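Chemist: If you want the building blocks of each chain, they are given just below.
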Amino acid sequence: MSRFSKTLIALLVAGATGLAAGTAGASEGYPGIGRAATEAEVKAWDIDVRPDFVGLPKGRGNVDDGMELWETHCASCHGVFGESNEVFTPIVGGTTAQDIETGRVAALVTGDSPQRTTLMKVPTVSTLFDYIQRAMPWTAPKSLTADEVYAILAYLLNLGEIVPADFELSDENIREVQERMPNRNGMTTDHGMWPGAAAAKGGLGNGGKPDVKNAACMKDCKKEVEIVSALPDYAQDAHGNLAEQNRPVGQTRGKPTGAPAEEAAPEAKAGGAAALALANEKGCMACHGVANRIVGPGYNEIAEKYRGQTDAASGLIDKVKTGGQGVWGAVPMPPQGHVTDDEIKQLVQWILEGAQAQ
Amino acid sequence: MASPMRIRAAAKEGVTEVRVLMSHVMETGQRKDSSGALIPAHFITELTAKHNDKVVLSAEFGPSVSTNPYLAFKFNGGAKGDKVAVTWVDNKGETRTDEVQVS
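The listed protein sequences correspond, in order, to chains H and Y. Using the UniProt record's numbering, the letters of the first sequence map in sequence onto residues 1 to 358. Using the UniProt record's numbering, the letters of the second sequence map in sequence onto residues 1 to 103.
If we strip away everything but chain H, and leave its shape as in the complex, we get (with noise of 0.2 Å):
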């Protein structure tokens, strides 16, 4: 089962347990807060209809009624005939008398209706008439009758063609008209979004059962998830260089992303400008800069990084002819094959010399 469905039906048995504890009077568990809510609260605030029509009150209005009231409250909004699209998607449309026959709406299958309209959705009736009574005129909700809002529900059914000009909606006749919706049959409860049982079970659903089939994969776990701000590697390059692409002021500057970088290989001494020369036509530039990070370490930082060991040199002439990870992060420098033993050799020492450009 979903957290979702699990949360609610802890809220589900809250409120009711609420309620119980609520008419018995008292406020048990909790002494000295609050109190309990007196049956007319409780009455007020419960004003859902529900598919099988129970809190449905009683009451009638006619098509006609109906329009009047709907060009006093509602056309502003949803146009003369519900079909603006203005300011919220259509009510009205989309449906067809074929529709209204099979009960499911052919052009959400088809696609033939650029729109999905109100009616071409809603399976239910009752829904329509909760929704008008609950939440309608959007500037003040609750203040139709009910039957002003019977009166307004059957002339947006009649726009539909759901039900005759001259027809009276009530009480007694909702249910026939529920047999007419263009969509009762739309609806499914098949999945696990559902709360409670499954069907069979007395329930809604199927009992929480997701409607994904991936199979937990149980082998080759990582022991240890460590949760980053960061890509993948094989999505670093997904947007080419990021920090290219934003401006250089600001507080976002973008994350150097970009194809690996060859670590830079500098001069020896005797030429800072020629061992920098070198470096740009070698490539290193392209992924270190001398004094900043781009892909890989900027030189400075990997100067500063082999101060004084001595025997760095070698190693590094090594990282540079084959290839290395992890020294600096994720990112590979990989082999450098079109650079001679001895370009390497005047790279690197130009580097941990400071990578001095004069």
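Hints were generated in silico from the structure; no laboratory data involved. These figures come from a predicted structure and were not determined experimentally. For glycine and all other residues, C-beta sits at the position ideal for the given N, C-alpha and C. Heads up, a few of these hints could be off.
Not everything, but these chain Y residues come out facing chain H in the computed CB check (under 7 Å) [claimed, not checked]:
#1 Arg6
#2 Arg8
#3 Val15
#4 Arg19
If you anchor each label on the Cβ, the simulated ranges turn out as follows [to be verified]:
#5 Ala41/Y with Gly240/H: 43 to 53 Å
#6 Glu17/Y with Val212/H: 45 to 55 Å
#7 Gly34/H with Pro4/Y: 55 to 65 Å
Assemble chain Y onto chain H, guided by the hints.
Modeler: Frame of chain H; chain Y shown alone:
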């Protein structure tokens, strides 16, 4: 036979506002169906609105008008109980007229 139009006509301070929702496929003739064949054009070409028997609006429609067109217009005059009739003709020669009383 096409479905009826929905028409509302309301007179207020000497001006009658008419709103019409037509039911028509308004096929442009440029779309293709799933097998790649052209869907033949089928759209309203002319529309006429009459107040009692006097023409108050005459319009030429074309394939660029949407499916189930919505039309609203006002004319001077009109009183409660007057008749407003709207007629359309499409390119297949089909026609439909619907009439309401001004409210």
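Chemist: Look at each hint and say if it fits the structure.
Modeler: Okay, the hints, checked on the actual structure:
no. : hint                              : in the structure
1   : Arg6                              : 5 Å, holds
2   : Arg8                              : 5 Å, holds
3   : Val15                             : 16 Å, violated
4   : Arg19                             : 5 Å, holds
5   : Ala41/Y with Gly240/H: 43 to 53 Å : 48 Å, holds
6   : Glu17/Y with Val212/H: 45 to 55 Å : 54 Å, holds
7   : Gly34/H with Pro4/Y: 55 to 65 Å   : 58 Å, holds
Going down the numbered hints, you'll see the structure goes against just number 3.
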